[in-house]
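Protein chains: 4
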Amino acid sequence: MGNFQVRTDLALEAREGITEGECGELRGVRVEEDYDEEHDIRITKVFIETRNAAKLMGKPVGIYVTMEAPGLVEPDDDYHREISESFAAQLLQLLPEGDRELSVLVVGLGNREVTADALGPQVVDNLCITRHVVKEFGKAAYNCSKMNQVSSLEPGVMAKTGMETAEIIGGVVLQTKPDILIVIDALAARSTKRLNRTIQITNTGIQPGSGVGNHRNALTEEVLGIPVIAVGVPTVVDAATIVGDALKKWMDEDADDKFDSRLAFAELNNMYMTGKDIDAVVKRVSYTLSEGINIAMEKNSVVYGS
Amino acid sequence: MGNFQVRTDLALEAREGITEGECGELRGVRVEEDYDEEHDIRITKVFIETRNAAKLMGKPVGIYVTMEAPGLVEPDDDYHREISESFAAQLLQLLPEGDRELSVLVVGLGNREVTADALGPQVVDNLCITRHVVKEFGKAAYNCSKMNQVSSLEPGVMAKTGMETAEIIGGVVLQTKPDILIVIDALAARSTKRLNRTIQITNTGIQPGSGVGNHRNALTEEVLGIPVIAVGVPTVVDAATIVGDALKKWMDEDADDKFDSRLAFAELNNMYMTGKDIDAVVKRVSYTLSEGINIAMEKNSVVYGS
Amino acid sequence: MGNFQVRTDLALEAREGITEGECGELRGVRVEEDYDEEHDIRITKVFIETRNAAKLMGKPVGIYVTMEAPGLVEPDDDYHREISESFAAQLLQLLPEGDRELSVLVVGLGNREVTADALGPQVVDNLCITRHVVKEFGKAAYNCSKMNQVSSLEPGVMAKTGMETAEIIGGVVLQTKPDILIVIDALAARSTKRLNRTIQITNTGIQPGSGVGNHRNALTEEVLGIPVIAVGVPTVVDAATIVGDALKKWMDEDADDKFDSRLAFAELNNMYMTGKDIDAVVKRVSYTLSEGINIAMEKNSVVYGS
Amino acid sequence: MGNFQVRTDLALEAREGITEGECGELRGVRVEEDYDEEHDIRITKVFIETRNAAKLMGKPVGIYVTMEAPGLVEPDDDYHREISESFAAQLLQLLPEGDRELSVLVVGLGNREVTADALGPQVVDNLCITRHVVKEFGKAAYNCSKMNQVSSLEPGVMAKTGMETAEIIGGVVLQTKPDILIVIDALAARSTKRLNRTIQITNTGIQPGSGVGNHRNALTEEVLGIPVIAVGVPTVVDAATIVGDALKKWMDEDADDKFDSRLAFAELNNMYMTGKDIDAVVKRVSYTLSEGINIAMEKNSVVYGS
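Chains as they are written, first to last, in my numbering: chain A, 1008 to 1313; chain B, 1008 to 1313; chain C, 1008 to 1313; chain D, 1008 to 1313.
These are computed hints drawn from the structure, not numbers from a lab.
Don't take each hint at face value.
Treat identical chains as interchangeable: a pair holds within one or across any two.
List of simulated lysine-lysine pairs, DSBU-like, C-alpha gap at most 35 Å [as the list claims (entries may be wrong)]:
hint: 1; residue 1: K1146; residue 2: K1200
hint: 2; residue 1: K1200; residue 2: K1184
hint: 3; residue 1: K1153; residue 2: K1142
hint: 4; residue 1: K1256; residue 2: K1142
hint: 5; residue 1: K1142; residue 2: K1062
Model the full assembly from the supplied sequences, consistent with the hints where possible.
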């Protein structure tokens, strides 16, 4: 019944569980790294290509892009524009190729009333929505010969709707038949170091049980019938996890076997940890993501005569 | 593309167009009036029973309940409780009879960001949502042998979603299969006298073109496959309408034929008129409606042993 | 007790009352007009220079700048940047000259909960606030040898605070001793043509009774002891005014003498008229004003070595 | 520059530092306990009566009331009414005695944009504000021969205003001359057990450095010249504190001497921990406090003829 879903679902952190070096050599897993020195953006792509590798990594077959941009927490508008551009480029690579116009439904998951969980809803607030205009006036309304249709939805959380998010999204997909779904969500990181400065993009959607949370119903192509790109930024750390990790640091190294932090600190279940300036951070990061999606959708359009 | 739908869809005002007395005698139209003197609540029920009557009234066959409660604008909590109780009683009369438990989806139409249009979303904020709990833990969670399942949705406005409200609701109804839909919306009245003190309840849903606005897609049983109860409170007056009405008062009586205020005052299209204290009024009225729905849903439940 | 103050306080509209041409020739009144064709921004400055002229104009001695920018209602980010730059330039001309650093308190008047009245609070949300940083870490924190200190306040409305806005601002000015006050407010225009596309800037502050509203206490240099620049954008039209004006158009020309619209339409008192997309408009315009103030404050600073 | 102030300022928890029993016998400290079994509300009053005791307790001379009401987190309206009544009774005991009418300024501290810190602003939203009405129309407006004047202020946080909260409040007190100040704030507890179910009331105001936070300027009678009652409910736990406490539990008992958790976990500074349903909890608790203040203010009034 809790509101926002605490998960430790950064692929980068999942990878860290595997011994250094091992991952790159894992059959069926390919890793590409790229560092944009000028803008201090590090991009890591993990391609999980076989079922076997998926089992080993505990993540489904697909592409996992992680953008690490320390400046995402800084209040510098020009720099955020660079991150938006870079994010748009990554997004475009995961969109279906070809000249076909796309109808894209962007869904902002999470609870607008809980600051650290408001990322999805706030991203949706600043999108350039075009579907209804194209439907009514045609592409000519935008002077384009190719023009994507963007729609958006803020489904709300189960405690307030009484419905699973997947039920609501499933119904809207059935009725409005978008070509692709982009799902935005606030994530939970394992380490405070990643908070608010990492963007994760994957074409595998959101899997039930992929993290700590209890979102029972998947948002995946298998379930919804259309490709699902999931975009997330970690804004919280699960409380029991961080306490457990801190304890392990202080105890000897094989402490891992000795306890499960969730059992040890039952009072911390359903609690999360976040920064004091989370309102300013979520406002800034959500705007950067909105701009990135707007750029990607526009780049994918073709103005007459061009 | 505008946000909130300005309509003059009070059945009571539609009736006023017909010469005094005529309506009551109209074949196929039955009117019941009731006045609760203690609480100053006047309830008028118009039953449109034949297709012919529907054509004459310009409203579909069905039941139209109008509650006039002048105190709805007053900041008196006890009095609002009385209105909630009275509203709940009216609502229950429109719900399907019998002992069957109901799954009820309550939809808050309108734009949360525009104060006068935020009635629907604010009603939904204060509902007692039970569907997810009953689904997971059974009626036992509430110690009931009969227990309604309440879910809710705030679909947002087309300018922000790019989708027709009816598309979103249609999809969610398909997926979650409620027995009945209750739709809450802010309405437009013709006269400032009715603002914020009239509650209209009808079992005909919301018809396209029933008012001035352009909501193309109906929210009706015919379209959605389940009964639709529409609840509305007028919070605005259409600007062109009020100016036209004022002009008619000052001109001679057959002015009616001479002009259409919408043509005369093109600059007033897409404008509406509302009171300066609209934030306090919408907050109070929406709470009164939420409480009414909560009472109706609870009354309809049966606690074990009772 | 009503919330937001409906006034018809555009100096430009006050001027229109005076017969064409008359104003320019009025002794003690000087008018400068400027038109930026590229950006379609028309700037009119009225200098009221003598007490006698002030009496004739019904406005205190001072400078009244009106920027008419039709594109202010369009969703074009680049164009809004141009308006911000132009607004910043006008603002700088009204700030005290000289090399002295300024401590500037920006006050957002109005009611955040009423969309059309939320301009002031929303402007304040996006300001670059520096006073507390300069006070704690010195100008060095911004690498500047001259650095203005910006602070801000959202005093709220009397119905919610129980205090006059002027009492709250007066107290904060006493304690924090800014050099200058900038007051932002949503205004009421007489004509719908000016809505949301006119910025008015004046160095006379806000006078009680200058408009239709009842803000009893002045926000002026005389009362507060520091210069007060008032910035306003009309977002509403007073309902009684517009109905009265419409009536006059339909009646013969000397109708003026025959009635006062406020008496004629008592039911319209405390009502105002606004557009259906007011949420999007206020969001955009307030951001443009914030940016303008941020630019002006930064331009007024001197980076080391420059 | 961070927004909300993390403090561990529950007097009850300060007391727990002192060995069991010791406190009650401490010269200059008097403790009264009361348990309302019917409503499960435990009230503990600590009277610190001498300077020496104040030094030992690390808290200024004054009265500290702690109400422990486990049901404060439950969504039961009737029960909350009981807590409101009990809270009102405690509040009245701290107000100046006598028949004099009081002018009371209620200040909601904290950041409305950060859910766990929004308690103060949300309490202020639901208060019954009377000062401006009494000032304009006299007590007769409420049909009372004795009628308190209630005003309220939401000063905002320093990161957004550039001013110390104490500067803003100090100025408003100077101008509006209330008889007493009630300050509402979200607090930080040391233990998750106390979260959202403890109300602390004290007549000592808020002291700089009383907790972990850095609110430099006091809100006390000494500084402001009028009595200050501080009301707080813990909604967060400081992250470093809870990790440190967890570690101590796992390590041997004299671990206390070995480390300061703030040094050990530098990465946790400026982070806090809260529950996933914090939005619902803050909404409910703030309403309960508002009602309590409204009841206290009304009880303190005298209706004509009574």
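Numbers of the earlier hints that this structure fails to satisfy, in rising order: Those not satisfied are hints 2, 4.
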